[in-house]
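Engineer: As they're listed, the protein sequences go chains A and B. So the first sequence is numbered by my numbering: it starts at 1 and just counts up by one. So the second sequence is numbered by my numbering: it starts at 651 and just counts up by one.
No lab work stands behind these hints, which were simulated from the structure alone.
A few chain B residues that don't get close to chain A, going by computed Cβ distances all over 12 Å: (1) Leu654; (2) Leu694; (3) Asn705; (4) Val715.
The following residues of chain A were derived to be distant from chain B, with all beta-carbon distances above 12 Å: (5) Thr59; (6) Thr60; (7) Gly185; (8) Asp601.
Ranges of calculated distance between the beta carbons of each label pair, as one might list FRET restraints: (9) A:Phe590 to B:Asp746: 45 to 55 Å; (10) A:Ser624 to B:Leu660: 26 to 36 Å; (11) A:Phe646 to B:Leu660: 13 to 23 Å; (12) A:Gly607 to B:Asn736: 41 to 51 Å; (13) A:Asn602 to B:Asp746: 33 to 43 Å; (14) A:Leu643 to B:Asp746: 26 to 36 Å; (15) B:Glu743 to A:Leu643: 22 to 32 Å.
All C-beta atoms, glycine included, are put in the ideal place defined by N, C-alpha and C.
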Amino acid sequence: MNLEILLLLMVLPPLAGAALNGILGRRFSQATVSLIGCGAAGLSMVFALLTAWVYSHSTTQPAPFTYPYFTWIQAGELRAQYALYYDRLTLIMTLTVTVVAFLIHLYSRGYMEHEGGYYRFFTYMNLFLFMMLTLVTAANYPLMFVGWEGVGLCSYLLIGFYFRKKSAADAGKKAFIVTRIGDAGFTVGVALLFWTFHSLDFQTVFQRVKDLPPGQFESVLTAVGLLLFLGAAGKSAQLPLYVWLPDAMEGPTPVSALIHAATMVTAGVYLVARSSIIYAHAPSALAVVGLVGCLTAFYAGTIALAQNDLKRMLAYSTISQLGYMFLGCGAGVFAAGIFHLMTHAFFKSLLFLAAGSVMHAMSGELDMRKMGGLRHKLKTTYATFLIGTLAISGVPLFAGFFSKDEILAGAYEGPLGKPWLFWLGTFTAGLTAFYMFRALSMTFYGKSRVEPEAEHHLHESGYKMTIPLMVLAFFSIVAGWVSWPRAWHGSEAFDRYLDPVFSPATEALRNASPELMGGLSPGALMGFSILAAAIGIGVALWWYLKSTDIPEQLAERYPDFYRILTHKYYVDEFYNWLIVRPLCVVSDKFLWRVVDVGVIDNVMVNGAGETTASVGGVLRRIQSGNIPSYAAWVVLGAVVWLLYIFAAHS
Amino acid sequence: MVPLSHYLALSVILFVIGAAGFLFRRNIITVFMCIELMLNAVNLAFMAFSRFRGNLDGQIFVFFVIVVAAAEAAVGLAVIIALHRNRASLNIEDVDSMKM
Chain A
1 MNLEILLLLM VLPPLAGAAL NGILGRRFSQ ATVSLIGCGA AGLSMVFALL
51 TAWVYSHSTT QPAPFTYPYF TWIQAGELRA QYALYYDRLT LIMTLTVTVV
101 AFLIHLYSRG YMEHEGGYYR FFTYMNLFLF MMLTLVTAAN YPLMFVGWEG
151 VGLCSYLLIG FYFRKKSAAD AGKKAFIVTR IGDAGFTVGV ALLFWTFHSL
201 DFQTVFQRVK DLPPGQFESV LTAVGLLLFL GAAGKSAQLP LYVWLPDAME
251 GPTPVSALIH AATMVTAGVY LVARSSIIYA HAPSALAVVG LVGCLTAFYA
301 GTIALAQNDL KRMLAYSTIS QLGYMFLGCG AGVFAAGIFH LMTHAFFKSL
351 LFLAAGSVMH AMSGELDMRK MGGLRHKLKT TYATFLIGTL AISGVPLFAG
401 FFSKDEILAG AYEGPLGKPW LFWLGTFTAG LTAFYMFRAL SMTFYGKSRV
451 EPEAEHHLHE SGYKMTIPLM VLAFFSIVAG WVSWPRAWHG SEAFDRYLDP
501 VFSPATEALR NASPELMGGL SPGALMGFSI LAAAIGIGVA LWWYLKSTDI
551 PEQLAERYPD FYRILTHKYY VDEFYNWLIV RPLCVVSDKF LWRVVDVGVI
601 DNVMVNGAGE TTASVGGVLR RIQSGNIPSY AAWVVLGAVV WLLYIFAAHS
Chain B
651 MVPLSHYLAL SVILFVIGAA GFLFRRNIIT VFMCIELMLN AVNLAFMAFS
701 RFRGNLDGQI FVFFVIVVAA AEAAVGLAVI IALHRNRASL NIEDVDSMKM
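Kindly generate the complete structure, drawing on both the sequences and the hints.
Structural biologist: Below you can see the structure in the form of structure tokens.
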């Protein structure tokens with residue numbers, strides 16, 4: 001089977017599923033809708049596996065495979081084709097996306113069973129999958145942007161799925177508008193790339209960048225890198241454009257799991273990783289990426305500490321983990337960033353789906369202060385949530401440990417690594433372990449604080465939801481084993497696997513910046529991260545299992561600090577004051593009252609009408625109905641004409 | 651010989667009388683008679699030119715004018731009769747139902 005067909009067979013089924021469910025879904029039964037929806041996702045997964053297998057056995061690999069299907073844009077020098085690109089990075093991304101998406105589609109069969117709009121949900125989910133696959137398989141920046149915008153659209157549609165609820169509709173708008181700011185950066189960055197290299201195909205641009213002598217075009221490439229990162233910061237919820245992600249939890253939980261944990265938010269990381277060679281020639285831009293990533297990870301981690309809403313806490317945790325991925329890329333260890341992307345996709349979607357299971361059992365309640373002791377009634381959900389928590393906390397042997405450790409090691413000794421990034425990252429890892437075990441304890445351990453009405457509805461979810469949970473739990477354990485650390489005499493196979501993709505970039509970076517001999521060995525670094533996780537877990541269990549009055553006492557002793565944390569540093573209020581309110585005032589007082597009503601409605605539309613009417617009113621008086629006046633006009637006309645004849649001929 | 655200018659002067663005088671009547675008289679029939687007067691004034695001018703230039707072009711044209719005048723008179727009188735049946739008036743100022 002040739003790859004160009006397999007690629008299409010992987011990318012297109014979700015589009016067909018979306019079209020089918022979208023147009024005819026209203027008349028289908030739930031069984032048919034989910035068959036089409038899950039079937040499309042399943043087909044994508046199967047073909048993703050097949051493509052991976054065929055590619056891995058082809059003679060040309062690890063060289064990228066690309067195939068142009070047809071020319072989409074041809075405008076002067078700019079040519080963008082509908083062309084797909086497949087290399088080892090694409091392989092990782094497509095497998096991660098399709099497997100997680102398929103499992104979440106299956107879970108949704110159970111979760112969305114009693115919600116309205118079943119067919120609409122699966123339509124949007126399929127459409128999203130198509131767009132995401134387009135994004136990761138695109139062979140040029142314009143096509144990638146199509147996928148980029150497409151996932152943004154689906155995110156908006158799915159966040160605002162319960163569109164009758166004002167908070168959900170507002171959240172959808174907020175997500176789209178904030179990411180639009182990033183998209184503007186993306187567009188300008190791509191335009192700069194075209195202006196400099198006269199092409200937007202990955203292969204062409206990357207080759208031209210690679211062939212540049214060091215230092216040439218560095219300022220343009222730095223600008224490009226920063227602008228592309230602005231787009232990534234929007235899409236992947238980094239400082240300062242992260243504010244939409246917590247609000248996005250208004251959407252159904254499978255949406256939070258798929259889009260806002262595993263796939264769409266990772267698009268920014270993929271963009272940076274794919275453009276690695278550009279960043280390699282613009283180290284200052286890459287340093288900014290790493291800095292923002294590290295700061296975001298820490299910042300979001302601190303907010304997660306004080307969240308009481310289970311999904312919001314997971315949202316801030318996602319922002320934090322995405323920060324880690326950017327830290328990895330920013331330190332020059334792109335493979336580590338992608339590794340964490342993969343493991344995070346599994347355990348974060350697991351955590352969200354488990355949270356959804358809890359939410360179902362609690363009749364829609366998400367406030368952890370009203371939970372407690374759920375592990376007795378929700379055994380499977382508890383077990384899988386525990387596994388996810390262990391994974392994200394960086395407990396050894398679970399998936400998150402391996403990937404997080406590689407990133408932290410890279411932060412310390414990578415090409416652009418700096419020791420303080422390592423220390424902040426390690427501290428944040430401790431925070432992560434703390435808030436995750438806090439959530440675990442508040443939800444599943446201890447005495448039940450569940451309200452009586454919700455109490456008798458507590459039940460474990462059906463197989464449709466628990467089986468995907470178990471599969472994801474399995475991956476959350478084993479996914480990390482593909483890259484056994486050097487400190488344990490492993491070969492870090494995952495990183496070696498992605499070497500062909502990233503080595504041009506890493507080599508360029510190492511040539512540019514001399515290797516800093518850090519003082520700590522990889523083993524010591526690993527030891528610190530394990531220590532941080534242990535401390536985090538220990539304190540969390542102490543404060544939320546044993547001496548549960550300590551958090552309240554702390555909140556009372558430092559009320560202002562606590563208040564700032566629970567209000568998320570008042571960033572939303574700040575943005576509201578700085579940007580939203582002025583925009584609303586300008587829109588209302590000027591753009592609407594003056595321009596729209598005054599100029600367009602009054603001057604242009606009404607004015608045109610009234611001018612015509614008044615001119616008509618004047619001209620109408622000729623038609624007086626008075627015959628002698630008609631006679632007079634005829635004579636007058638004849639006289640004028642005669643005069644003209646005489647004047648012209650004399 | 652009567653000079654050409656005399657013929658033309660007569661034609662102009664007849665035409666102006668016809669035009670004035672067409673503008674200022676109230677009876678519809680009178681207005682039509684003035685229209686005929688104007689047409690005939692023009693015929694006179696054509697004939698004068700034809701004689702003084704020595705060719706028959708003007709006289710041929712007069713035939714055309716006469717035919718048109720006759721047809722127009724027939725149609726116009728039919729309209730006047732219809733109007734009179736409806737309004738019992740031959741005053742041109744009474745035909746004003748198209749006024750705003």
